[in-house]
Amino acid sequence: MVKNVVFAGLGGQGVLKASDITASAALIAGFDVKKSELHGMSQRGGSVTSDVRFGDAVLSPMTPPGEADYLVVIAPDQVEINRWQLRQGGVLIEPSIIDMGALTNKKAVNVALLGALSVQLDIDGVAWAQAIREHLDERHHEVNLAAFELGRKSAERR
Amino acid sequence: MDFNHRLFLSGDEAVALAARHAGVALMTGYPGTPSTEIVESFVQLGGKGQWAPNEKVAFEVAIGASFGNARTMVTMKHVGLNVAADPLFTAAYAEVAGGLVVVSADDPGMASSQNEQDNRHYAVAAAVPMLEPADSQEAYEFTLLAFAISERWRVPVMLRMTTRVCHAKTVVYADKTQPERIAAFYERDIAHRVMIPANAKPAHRRLRAKLAEMTAWNEAEGPNKVIDVDKSLGIICSGISFMHVREAAPDATVLKLGMSYPLPFDTIRQFAESVDRCVVIEEGDPWLIESLRAVGVTAESKPDMYRFGELNVERVRRILSGDVSPEFVPPRGKPPELCPACPHRTVYTVLTKLNCIVQGDIGCYSLGALPPFEGMESLICMGASIGMGLGLRHVLPADEASRVVSVIGDSTFVHSGITGLVEMVYNPPPTGHVVLILDNGTTAMTGMQEHPATGRKIDHQPTGKVILEDVARAIGIRRVHVIDPTRDQAGLESLLTECLASRELAVIICRKPCVLAAGKIMKAERELAAAAG
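So the protein lines, in turn, are chains A and B. Quick note on the working numbering: the first sequence kicks off at 332 and runs consecutively. Quick note on the working numbering: the second sequence kicks off at 22 and runs consecutively.
Because the hints were derived from the structure by calculation, they are not lab data. It should be emphasised that the depicted structure is a prediction, and the values quoted were computed from it without experimental measurement. A hint or two may mislead.
As the list claims (entries may be wrong) - List of simulated lysine-lysine pairs, DSSO-like, C-alpha gap at most 27 Å:
(1) A/Lys437 <-> B/Lys355
(2) B/Lys544 <-> A/Lys348
(3) B/Lys541 <-> A/Lys438
As the list claims (entries may be wrong) - Far from chain A, by Cβ distances over 10 Å, these chain B residues were calculated:
(4) His26
(5) Phe110
(6) Ala146
(7) Glu172
(8) Arg185
(9) Thr191
(10) Tyr207
(11) Glu335
(12) Ile439
(13) Val492
(14) Arg494
Said to hold, decoys possible - Chain A side only, calculated, beta carbon under 7 Å to chain B, not exhaustive:
(15) Lys366
(16) Glu368
(17) Gly376
(18) Gly377
(19) Pro392
(20) Met393
(21) Ile412
(22) Lys437
(23) Leu476
Glycine included, each C-beta is placed from N, C-alpha and C at the ideal position.
Full structure from sequences and hints, please.
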């Protein structure tokens with residue numbers, strides 16, 4: 332069974348960082364993983380998406396259109412234009428589910444959304460924490476691990 | 022497989038790692054999406070890699086390294102191979118010594134390119150063998166194989182990648198850990214390297230004979246494989262299409278071609294005859310199907326609508342079911358734009374105000390063609406802004422001709438704008454001409470790479486610096502100005518007005534560091550100053 336996660340947002344918001352962390356967490360958890368994204372012109376402040384697929388064996392690196400199990404959108408204004416990517420019954424994870432008032436560093440919203448995503452996935456907290464440490468500068472570890480925890484709790488409450 | 026050596030790499034990173042393991046002594050290229058990260062990763066891995074001013078020079082440097090019996094790789098995006106086509110075609114006639122591998126990173130769907138040309142045609146046209154990896158594991162393995170093929174048959178080998186192989190990260194098991202060490206040495210070989218007709222005539226025959234040998238090798242032991250499942254449907258594919266095919270049609274029997282030129286026609290024919298229905302699934306041009314039909318292999322091709330853009334799992338399903346109904350068009354996302362404090366914004370504000378006819382070029386400033394400016398009116402290829410501006414100046418009535426301006430970035434100017442200036446001096450239009458070099462001190466669009474006019478190498482260490490204003494003056498431009506557009510917008514406006522009215526040849530260098538790169542540039546300059554004491 333392959334799980335498809337699509338990340339969306341605007342250039343500079345940490346879309347690719349969020350997908351990097353998720354891919355690493357899935358790898359640490361022992362899955363086969365593929366991650367796909369576009370670089371270059373598309374990143375100058377425009378819409379950015381990135382796909383992470385994981386499972387026993389992943390073939391295409393791209394989530395087939397309309398087959399995302401989870402859609403993680405960092406920019407509220409990018410939700411509608413990306414909704415088509417979700418399969419029927421797929422789960423949308425957007426900033427409105429996070430208690431933004433409790434988020435000490437607003438830039439960590441991407442990692443807070445990963446916390447909310449983590450509730451849905453078969454990847455344990457240790458793997459997530461290790462992946463966050465792997466992809467972020469040490470001085471940002473604490474604030475991002477806290478953001479992840481905040482996102483996880485926000486999702487669990489719902 | 023050794024779990025401890027399980028790596029997670031993009032195709033570009035996998036090629037760099039394999040190049041390192043293959044003992045590549047020198048890697049060169051010009052930045053271009055989706056190829057850029059190969060040279061960058063190679064340098065990060067401790068290899069000697071460098072940016073050339075353009076792909077043609079990069080290729081020529083690679084030929085020299087090969088003639089010195091060193092292994093070498095040259096990387097570029099698909100359109101870069103147009104620039105390097107001249108050395109490619111004749112290097113195929115010459116006998117390379119050290120393995121020479123050229124990476125062509127194609128961009129089907131044009132994520133960040135001006136066309137979606139299919140560079141498989143180049144392998145055929147230049148008669149060089151071509152390998153097409155489907156994921157990062159194959160990018161690693163095929164890079165090693167490419168060097169072996171190059172040295173066995175003494176030909177350049179093309180590693181043809183595409184965006185979703187270059188930029189997708191997949192699991193890689195690397196079977197080596199240490200680079201091979203190969204000492205370079207020189208041996209004269211005039212008959213095989215001096216391509217005057219007397220030598221080139223036998224060289225062409227020799228190349229065709231090599232291709233025949235490579236065909237036999239590809240048939241017998243090439244990197245092709247059959248996934249044997251249900252014979253009612255057989256699919257022939259290569260590269261990333263293989264992954265989409267396996268997912269879209271898990272029950273189909275599949276022939277995956279790893280070395281797609283020269284093609285193993287016997288293998289293909291046997292495969293096609295072994296299945297009830299045979300379909301060719303290929304991204305881009307119908308090159309494979311046409312090659313097969315030319316030798317009498319019967320197979321179905323994709324409907325022409327799937328020639329445009331990338332393939333994916335859904336499109337492969339549609340091809341297999343013969344679905345030619347209109348495809349779902351996803352809503353358009355937010356288009357890219359110039360950064361809020363980008364110095365190019367000031368330049369386009371002035372150009373728009375002065376009602377200039379702007380001939381453009383390739384870089385971040387291409388975004389000036391989009392709203393809110395819509396101030397750049399052409400984009401064809403690297404360096405074309407100057408020639409196109411001159412052509413317009415020559416034919417338009419004087420009042421219109423006098424409004425024509427060419428806009429080109431610093432890295433693009435070094436890449437292929439210099440010869441445009443030579444043309445300008447040699448064939449000046451009656452109304453003169455004005456070239457704006459937007460010098461933001463970096464190759465911004467591809468991710469802020471150094472170039473010859475920054476005076477720093479790929480690792481940001483100091484090196485010889487090409488001074489753009491000196492180049493313009495040396496070529497024979499008398500009006501050469503340097504201005505900071507953001508500090509003095511009114512000054513830029515009056516300077517441009519004056520240059521346009523002069524009816525002479527003018528180069529205005531708008532110099533202001535890219536806002537994204539400014540911090541890095543200042544840091545590098547501080548470090549250099551500190552090192553100099």
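Verification of the hints:
In summary, the hint linking A/Lys437 to B/Lys355 is supported, as the alpha carbons are separated by about 22 Å, within the 27 Å threshold. Between the alpha carbons of B/Lys544 and A/Lys348 the distance comes to roughly 24 Å, so the proposed pair stays at or under 27 Å and holds. Distance restraint check for B/Lys541 and A/Lys438: the Cα-Cα separation of roughly 22 Å lies within the 27 Å cut-off, and the hinted pair is therefore satisfied. No Cβ of chain A comes within 10 Å of the Cβ of B/His26; the nearest lies about 13 Å off, and the non-interface call holds.
Taking the minimum C-beta to C-beta distance to chain A, about 28 Å, the non-interface status of B/Phe110 holds against the 10 Å cut. Taking the minimum C-beta to C-beta distance to chain A, about 27 Å, the non-interface status of B/Ala146 holds against the 10 Å cut. Once the 10 Å rule is applied to beta carbons, B/Glu172 is consistent with being away from chain A; the minimum gap is 31 Å. Look at B/Arg185: its CB is around 6 Å from the nearest CB on chain A, not clear of 10 Å, so calling it non-interface is violated.
Its beta-carbon lying about 5 Å from the closest one in chain A, B/Thr191 breaks the requirement of being farther than 10 Å from that chain. The Cβ of B/Tyr207 lies farther than 10 Å from every Cβ of chain A, with a closest approach of about 39 Å, so its non-interface assignment holds. Some Cβ of chain A comes within 10 Å of the Cβ of B/Glu335; the nearest lies about 5 Å off, and the non-interface call is violated. For B/Ile439, the shortest C-beta to C-beta distance to chain A comes to about 25 Å, beyond the 10 Å cut-off, and the non-interface label holds.
No Cβ of chain A comes within 10 Å of the Cβ of B/Val492; the nearest lies about 28 Å off, and the non-interface call holds. Every CB of chain A lies more than 10 Å from the CB of B/Arg494, the least distance being 33 Å, so the non-interface label holds. Residue-level restraint check for A/Lys366 holds (minimum Cβ-Cβ distance to chain B is 4 Å; threshold 7 Å). The restraint placing A/Glu368 at the interface with chain B holds, with a minimum CB-CB distance near 6 Å, inside the 7 Å limit.
Hint status for A/Gly376 relative to chain B: holds, with the closest Cβ pair at about 5 Å, below 7 Å. For A/Gly377, the interface hint holds, since its Cβ comes within 7 Å of a Cβ in chain B; the closest pair sits about 4 Å apart. Interface restraint check for A/Pro392: the shortest CB-CB distance to chain B comes to about 4 Å, inside 7 Å, so the restraint holds. Contact between A/Met393 and chain B, as hinted, is supported at the beta carbon level, the nearest pair being about 5 Å apart and thus within 7 Å.
Taking 7 Å as the C-beta cut-off, the interface hint given for A/Ile412 holds, the closest approach to chain B being about 4 Å. A cut of 7 Å between beta carbons decides the hint on A/Lys437: the least distance to chain B is about 18 Å, and the hint is violated. About 22 Å separates the beta-carbon of A/Leu476 from the nearest beta-carbon of chain B, more than 7 Å, and the hint is not met.
Violated hints for the displayed structure, listed by number in ascending order: 8, 9, 11, 22 and 23.
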